[in-house]
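Those protein sequences? They're chains W and Z, same order as listed.
Note that the first sequence covers residues 1 to 520 in the working numbering.
Note that the second sequence covers residues 521 to 957 in the working numbering.
Watch out, some of these pointers could steer you wrong.
Said to hold, decoys possible - As a list, the in silico BS3-like pairs of lysine-lysine whose alpha-carbon atoms are at most 30 Å apart: (1) LYS838/Z to LYS201/W; (2) LYS100/W to LYS78/W; (3) LYS431/W to LYS100/W; (4) LYS100/W to LYS838/Z; (5) LYS431/W to LYS201/W; (6) LYS431/W to LYS838/Z; (7) LYS78/W to LYS838/Z; (8) LYS201/W to LYS218/W.
It is worth saying that the hints were derived from the structure and are not from the lab.
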Amino acid sequence: MTAVAPGPGRSFTQAADDELTIYERSVPGRRAFVAPALDVPAVSVEALLPAHLRRPEPPRLPEVTEPEIVRHYNRLSKRNFDLDTGFYPLGSCTMKHNPKLHERVAALPGNSRLHPLQDPARAQGALELMYRLGEALAEISGLPHVSLQPSAGSHGELAGVLLTRAYHEDRGERRTKVLTPETAHGTNPATVTMAGYEVVKLATDRDGNVDLADLRAKADSDVACLMLTNPSTLGLFEPNISQIAEIIHGVGATLYYDGANLNAIMGITRPGDMGFDIVHFNLHKSFTQPHGGGGPGSGPIAVSDRIEPYLPRPQVIRRPATPDGGGEPTATPPATSWVYDLDFDRPKSIGRLRGFQGNYGVFVRSYAYILSLGAEGLREASETAVLNANYLLAKLAAAGVGEYLPAAYNRLAMHEFVLSGAPMKAELGIKTLDLAKRLLDFGVHPPTVYFPLLVEEALLIEPTETETRETLDRFVEIVAEVLREARADPEIARHAPYGTPVRRLDEAGAARRPVLRQIL
Amino acid sequence: MSTYTSVTPTDRAEMLEVIGVDSVEALFADIPAPLRLERRLDLPAGLAEQEVFRELSRLASANVSAEDEITFLGAGMYDHYVPALVDAIISRSEFLTPYTPYQPEISQGGLQAMFEYQTAISELVGLPVSNASVYEGPSAVAAAGYVAKHHNGRRRFVVSAGVHPHAIETLATYAHGYGMTVEVVELTDGVTVLGALGDDVSAVIVAQPNFLGAVEDIAACAEAAHAAGALLVCAADPIPLGIIQAPGAVGADIVVGEGQSLGNRLDYGGPSFGFFAVTEALLRRLPGRLAGETRDLDGRRGFVLTLQTREQHIRRDKATSNICTAQALNALAGVIYLSWLGRRGIVELAELLLARTDYARRRLAAIPGVRLSHTQPVIREFPITVDGDLDAVIAHCRRAQINPGYRLSEHELLIAITEQRTRAHIDLLATTIEEAL
């Protein structure tokens, strides 16, 4: 059945027409591309490419004009909700404002048109930027050695577990297991398997912390690593972290820090000081690379001295400039007396994790962010992220929301917090999914839902530091309104959304009969 | 100092009161005192926007980019022209600032673009299933190895030396973790010739065109791989596929590649995107996001992320990959670029590259002391051997604001010709090398 309900307070409109695909707009003979003039002798393709290597028919790409392409993708863009348009409290994703300056500096030709195989002597600006970003990340994490190479958080995790393997192998040890809490991001266990280890899950105690008894029982000499997020995916700071580090180091394993939640602690406490050996950063979270609809990201890692020899190749290094200038002249004389270089001579390195030096365009944006905020600004960002989260949690409780959506743990939150929709489901008959879908009608991106898996009907809410108090207050009103509405008629939320370009979609059907491309 | 936060002292006081604590410091009570950083981070003070811009401009201008010299560097990333409409579209907030489309009802734009992208890649490489992107080219090769390992449970990869060296290194890094060995087969006159393969070979991995620019006979490679019961993985360069046989059409089981040349800039190596396509038989082992078509409650067409039971957030330690965030925005640039080229444009562009590269090859080979390293068919890149002091040649080129290409060895250069390199540029390269010899 289709409930007909208004979309009260709907503040976000999207192009509502059904959209054709770019292929459905294609008409034979139309074009956007005009090839540069042929300024060399014409060649015979047949003569240069034997028939069995030639493509018999051109690929059926669309035939469309520039105006059509622009209108098509502009129309599609209006069918996307985005952070620049409204509140996006997607837990674990740190949807903070993306400063516009960053796009401008990333687009400077000296960055965007710099070839990754340019001689390092002629890429001194890029290498200096990477070196300085590495220094800043080392200081923020409390771990001295940085590799910027991994492409995203999951890639940083893979680097970290492979580093652990290399470290143990170098000591002649063969270990088989990696511990992850049951609350871990899915990337943690998936990484463990990819790196050739067996996952052993750790229990969570009643307060949301790592169950120390379970950890003691499972930490043995077969354990290579414990992967932990702190604050945890429950948005709670793990107060026993020093004991955990002692237990893990006591059996010769490494302690890995999943940096997805770093936004809570910048300048306040540091993973290195907590005893972590390896940390990854999500530059697209804490350091505000725009998320791009699912990337690009970047996942640098920082490590302790004992892990350093195994870092990926190449590493960015620097040495004092020699009196003769230490190499080739650059377009502009360097402002420092350092010469930067790429070091490939790393015999114990795990090797490469990808091509070239990493997602440099992301480094530019994150470095600009660190320069803008400085030491105090980074601390203030984390303090405000935590203030905003706790304020939102308290306001939701005060607005009567807590009766249906109680906090999963009755503790101070860090930068995010988890609510359980179990009472809402039992008493109002709407699930967390229904609440999320109804929020869409109010122009709000829903929180992360059904994660962490440990909490029934979970909602993971991360407001970030760049939201105003008024936005948080409005979110509280909207959630309270949806609950009021559900008390009167749960059918409204069960069939939401109504005001979006499409309504609830048949995801099961999509998986049963996958249609993954247009038949041309 | 820019902060991008809005909390005034009044806000702070009132917010703390609502929370029921008396200071921001109290919010961090769970952090044990010995772990608190009792000093300021050792970083400079924050700067105003224009000061940051000035510093970033200083750094950018200390690089010699393709703006500053005539570059023949390629070897995996290429200085192709990026049309203005790509920038105009991908800089829109609606594409730039959302995350992965977990809520499809408000993410139809991104999801439909993924579907269109998957269609374009699928068509280009000749396989029925493409995912929505992976990180980049070399790690896509390593991810393909992981698919092959799980598909047939064998222990060994045979990799052509014509695969990009970064991809071979990346494969070796990953393979050591997931417990596979990697054997490299040297090229024969610039191309891959496979002998008999053992029955322990999980996958044969080749590149098209290969690292030395040569067009490979993928059908022959596929036949050899399949005869041994192995998969054929092909790392393909997308623009040449406008005129060379789609690897999937002649037997490749997995086609991956670096997507940078499709509407993405050099960016000193990233972000770009990797593409990843497979046969129907491998669909359930595909890594990464997939957009699929479906219907909404009212019967309207819509798109969702689908077959998510392959993925880490559902399947956890049994997932087909650990990948989460990939390269959606870069893949969007890719599909916009491919739509801009269109069915005829991609052929015209590839033919222009073929003609200019052929011209450059003849022009350089005519220089005394310069030889072609191989004579296989090429599309946009080829190696030359310089009998003489290559250091002197490179230094002389630099003085003429020319970057003559990627140095392969003591005497070899790999030269890439994009449509941005004109006949005049090629002639200048030739005369400059000639002068130096």
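Results for each hint:
Only pairs whose Cα atoms come within 30 Å are accepted, and LYS838/Z paired with LYS201/W is accepted, the gap being roughly 14 Å. Between LYS100/W and LYS78/W, the direct Cα distance comes to roughly 20 Å. Compliance with the 30 Å bound is thereby established for this hinted pair. Taken as a hint, the LYS431/W and LYS100/W pair is broken in the structure, with Cα atoms around 38 Å apart against an allowance of 30 Å. For the hint pairing LYS100/W with LYS838/Z, the CA-to-CA distance comes to about 40 Å; that exceeds 30 Å, so the pair is violated.
Between the alpha carbons of LYS431/W and LYS201/W the distance comes to roughly 28 Å, so the proposed pair stays at or under 30 Å and holds. A distance of roughly 28 Å separates the Cα atoms of LYS431/W and LYS838/Z; the hinted pair therefore holds under the 30 Å criterion. Our distance criterion of 30 Å between C-alpha atoms is broken by LYS78/W and LYS838/Z, whose separation comes to about 37 Å. Restraint check for LYS201/W and LYS218/W: satisfied, since their Cα atoms lie roughly 9 Å apart, inside the 30 Å limit.
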